[in-house]
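Asks: Can you build the whole structure from these sequences, using the hints too?
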Amino acid sequence: MALATRVDTDAILAAADQLAAMIRQSDECRLYWNAREKMARNPRAQRLFDELKKKTNGLWTLRDRLGESHEKYQRMKHEADLLWESLYETPVALQYKAAQDELNGLVQEVIEVMLANLHGTLPVERGPRMCGSGGCSGGCGGSCHASAGA
Numbered sequence: 000m001a002l003a004t005r006v007d008t009d010a011i012l013a014a015a016d017q018l019a020a021m022i023r024q025s026d027e028c029r030l031y032w033n034a035r036e037k038m039a040r041n042p043r044a045q046r047l048f049d050e051l052k053k054k055t056n057g058l059w060t061l062r063d064r065l066g067e068s069h070e071k072y073q074r075m076k077h078e079a080d081l082l083w084e085s086l087y088e089t090p091v092a093l094q095y096k097a098a099q100d101e102l103n104g105l106v107q108e109v110i111e112v113m114l115a116n117l118h119g120t121l122p123v124e125r126g127p128r129m130c131g132s133g134g135c136s137g138g139c140g141g142s143c144h145a146s147a148g149a
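Residue numbers 0 to 149, in numbering that gives the first Met the number 0, belong to the letters of the sequence shown in order.
Everything labelled a hint here was simulated from the structure, so no lab data went into it. Any given hint could be a false lead.
What the hints assert, rightly or not - Derived DMTMM-like pairs: lysine to aspartate or glutamate, alpha-carbon spacing no greater than 25 Å straight-line:
1) Lys76 with Asp100
2) Lys52 with Glu84
3) Lys52 with Glu36
4) Lys52 with Glu88
5) Lys53 with Glu78
6) Lys52 with Asp63
7) Lys76 with Glu50
8) Lys37 with Asp26
9) Lys37 with Asp49
10) Lys52 with Glu70
11) Lys54 with Asp100
12) Lys71 with Asp49
13) Lys54 with Glu84
14) Lys53 with Glu88
15) Lys53 with Asp100
16) Lys52 with Glu27
17) Lys37 with Glu27
18) Lys53 with Glu36
19) Lys54 with Asp80
20) Lys53 with Glu67
21) Lys53 with Glu70
22) Lys53 with Glu101
23) Lys37 with Glu88
24) Lys37 with Asp80
25) Lys52 with Asp80
26) Lys76 with Asp63
27) Lys53 with Glu84
28) Lys37 with Glu50
29) Lys37 with Glu111
30) Lys52 with Glu67
31) Lys54 with Glu88
32) Lys53 with Asp80
33) Lys52 with Glu101
34) Lys76 with Glu36
35) Lys76 with Glu88
36) Lys54 with Glu36
37) Lys52 with Glu78
38) Lys37 with Asp16
39) Lys71 with Glu50
Bear in mind that the values here come from a model prediction, so they are computed numbers and not experimental data.
Replies: In structure tokens:
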């Protein structure tokens, strides 16, 4: 399929920069930074998130090495579940997670629209779905690791 007009790489990258600027100016981004600032002022919520991140990373390692039915994996999963329960009892943490999920959802939706628009003309493939941090490290609460592929 031939394109009617040619667009150079610099123009495409400039448009990507504009799109990124629009995302940075979005309500989702503003709400995320507000929620993150509140989290930074709440040591308990910070500690819970840090612990959950470590547990989640450890869970993935144990799952890959030992499998989900192994006793060590089950014990660590229970500990992670308890951390989640504590987070759910912390309103500032819930607001942060919701804002993070909304911002990530916006970025994922932009990516999906681009992929859908390119799908018919280019051999694009959907990679694993990742959180806005450039790959799920557990900091998102693990919401993105469960939905690999699109």
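Asks: With a cut-off of 25 Å on the C-alpha distance, tell me whether Lys52 and Glu84 pass.
Replies: holds, 14 Å
Asks: For the pair supplied as a hint, Lys53 and Asp100, is the alpha-carbon distance within the 25 Å limit?
Replies: At roughly 19 Å apart (the allowed maximum being 25 Å), Asp100 and Lys53 satisfy the hint.
Asks: Keeping to a limit of 25 Å between CA atoms, is the pair of Lys52 and Glu36 held or broken?
Replies: The given pair, whose Cα atoms are some 19 Å apart, holds under the 25 Å limit.
Asks: Are the Cα atoms of Lys54 and Asp80 separated by 25 Å or less?
Replies: Given pair Lys54, Asp80 holds - Cα atoms ~10 Å apart, limit 25 Å.
Asks: For Lys53 and Glu36, compute the direct alpha-carbon distance and say whether it is at most 25 Å.
Replies: The given pair, whose Cα atoms are some 21 Å apart, holds under the 25 Å limit.
Asks: Keeping to a limit of 25 Å between CA atoms, is the pair of Lys52 and Glu70 held or broken?
Replies: The given pair, whose Cα atoms are some 20 Å apart, holds under the 25 Å limit.
Asks: Hint check: Lys52 vs Asp63, CA-CA at most 25 Å. Holds or violated?
Replies: Holds - the C-alpha atoms of Asp63 and Lys52 are around 17 Å apart, at most 25 Å.
Asks: Given the proposed pairing of Lys76 with Glu50, does the C-alpha separation stay at or below 25 Å?
Replies: holds, 13 Å
Asks: Check the hint pairing Lys76 with Asp63 against an upper bound of 25 Å on the C-alpha distance.
Replies: Roughly 14 Å between the alpha carbons, so the hint for Lys76 and Asp63 holds.
Asks: Within 25 Å, alpha carbon to alpha carbon, are Lys52 and Glu67?
Replies: Holds - the C-alpha atoms of Glu67 and Lys52 are around 18 Å apart, at most 25 Å.
Asks: Run the distance test for Lys53 versus Glu88: straight-line Cα separation, threshold 25 Å.
Replies: Given pair Lys53, Glu88 holds - Cα atoms ~20 Å apart, limit 25 Å.
Asks: Are the Cα positions of Lys53 and Glu78 separated by 25 Å at most?
Replies: holds, 11 Å
Checked against the numbered hints given earlier, the structure breaks hints 29, 34, 38 and satisfies all the rest.
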